[in-house]
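Chains A and B, in that order, are what the protein sequence lines are. Sequential numbering from 1 applies to the first sequence in my numbering. Sequential numbering from 108 applies to the second sequence in my numbering.
To be clear, the hints were calculated from the coordinates, so they are not data collected in a lab. Errors might be hidden in some of the hints.
Below 20 Å or equal to it, Euclidean Cα-Cα: the simulated PhoX-like pairs (lysine-lysine) are [claimed, not checked]:
(1) B:K151 <-> A:K103
(2) B:K151 <-> B:K171
(3) A:K39 <-> A:K107
(4) A:K103 <-> A:K42
(5) A:K103 <-> A:K39
(6) A:K42 <-> B:K151
(7) B:K151 <-> A:K39
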Amino acid sequence: DIQMTQSPSSMSASLGDRVTITCRASQDIGNYLSWFQQKPGKSPRRMIYGATNLAAGVPSRFSGSRSGSDYSLTISSLESEDMAIYYCLQSIQYPYTFGAGTKLELK
Amino acid sequence: EVQLQESGPGLVKPSQSLSLTCSVTGYSITSNYWGWIRKFPGNKMEWMGYISYSGSTSYNPSLKSRISITRDTSKNQFFLQLNSVTTEDTATYYCARSRGGYNPFDYWGQGVMVTVSS
Numbered sequence: 001d002i003q004m005t006q007s008p009s010s011m012s013a014s015l016g017d018r019v020t021i022t023c024r025a026s027q028d029i030g031n032y033l034s035w036f037q038q039k040p041g042k043s044p045r046r047m048i049y050g051a052t053n054l055a056a057g058v059p060s061r062f063s064g065s066r067s068g069s070d071y072s073l074t075i076s077s078l079e080s081e082d083m084a085i086y087y088c089l090q091s092i093q094y095p096y097t098f099g100a101g102t103k104l105e106l107k
Numbered sequence: 108e109v110q111l112q113e114s115g116p117g118l119v120k121p122s123q124s125l126s127l128t129c130s131v132t133g134y135s136i137t138s139n140y141w142g143w144i145r146k147f148p149g150n151k152m153e154w155m156g157y158i159s160y161s162g163s164t165s166y167n168p169s170l171k172s173r174i175s176i177t178r179d180t181s182k183n184q185f186f187l188q189l190n191s192v193t194t195e196d197t198a199t200y201y202c203a204r205s206r207g208g209y210n211p212f213d214y215w216g217q218g219v220m221v222t223v224s225s
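With these hints in hand, go ahead and build the complete structure from the sequences.
Rendered as structure tokens:
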């Protein structure tokens with residue numbers, strides 16, 4: 001299975017901060033990388049797909065990037081509604097695998 | 108609008124089978140891929156498997172021969188059966204649509220929490 005190593009596992013940040021979460025793939029996954037946001041009691045919401053494509057309805061402060069086998073989700077200016085757990089997902093090979101998640105909290 | 112909704116018992120006894128239904132509206136399950144994902148206490152997420160537009164299936168090897176995903180196209184529903192459950196199968200179960208590997212899980216159900224306990 002492809003392992004997705006996600007970091008950090010948790011972080012706290014202030015409103016307006018620039019926040020970056022990273023996933024590293026154990027094998028080449030090309031751009032088959034998505035990011036999901038999950039708030040308590042809610043279903044996951046896809047934010048980014050194809051490593052860099054913003055999903056429909058997602059605010060433009062969210063962006064995705066890739067550098068080699070490292071994939072990043074960046075929030076350019078943190079808002080209170082962004083507090084959630086974020087997961088990466090590789091979908092190039094079955095079984096699809098998720099990162100362990102990053103819990104983003106308000107400082 | 109595409110909507111998915113899971114249903115099924117919230118409590119299952121160890122060694123029994125877990126059976127869930129995902130009802131889809133606004134889109135035909137004879138197109139694209141339809142999957143099951145679960146989230147464990149402690150936040151780990153696991154892809155369990157899918158059923159495709161043609162009825163073919165793919166399962167996570169971690170679930171070995173315990174899992175089966177089937178469908179009823181006349182009702183636009185697909186189903187999860189997980190046999191011989193243990194307490195480690197306690198999780199929130201989600202169904203979701205996938206439009207291929209490059210475009211996965213764009214729509215999700217609200218999730219159903221299943222507890223395995225005697």
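Comparing the hints with the structure gives:
1. B:K151 <-> A:K103: Holds - the C-alpha atoms of K103 of chain A and K151 of chain B are around 12 Å apart, at most 20 Å.
2. B:K151 <-> B:K171: With Cα atoms ~19 Å apart, K151 of chain B and K171 of chain B stay inside 20 Å; holds.
3. A:K39 <-> A:K107: Holds: K39 of chain A and K107 of chain A sit about 17 Å apart, inside 20 Å.
4. A:K103 <-> A:K42: Status holds; Cα separation ~15 Å.
5. A:K103 <-> A:K39: 10 Å, holds
6. A:K42 <-> B:K151: 15 Å, holds
7. B:K151 <-> A:K39: 14 Å, holds
Violation of the numbered hints given earlier is absent; every hint is satisfied by the structure.
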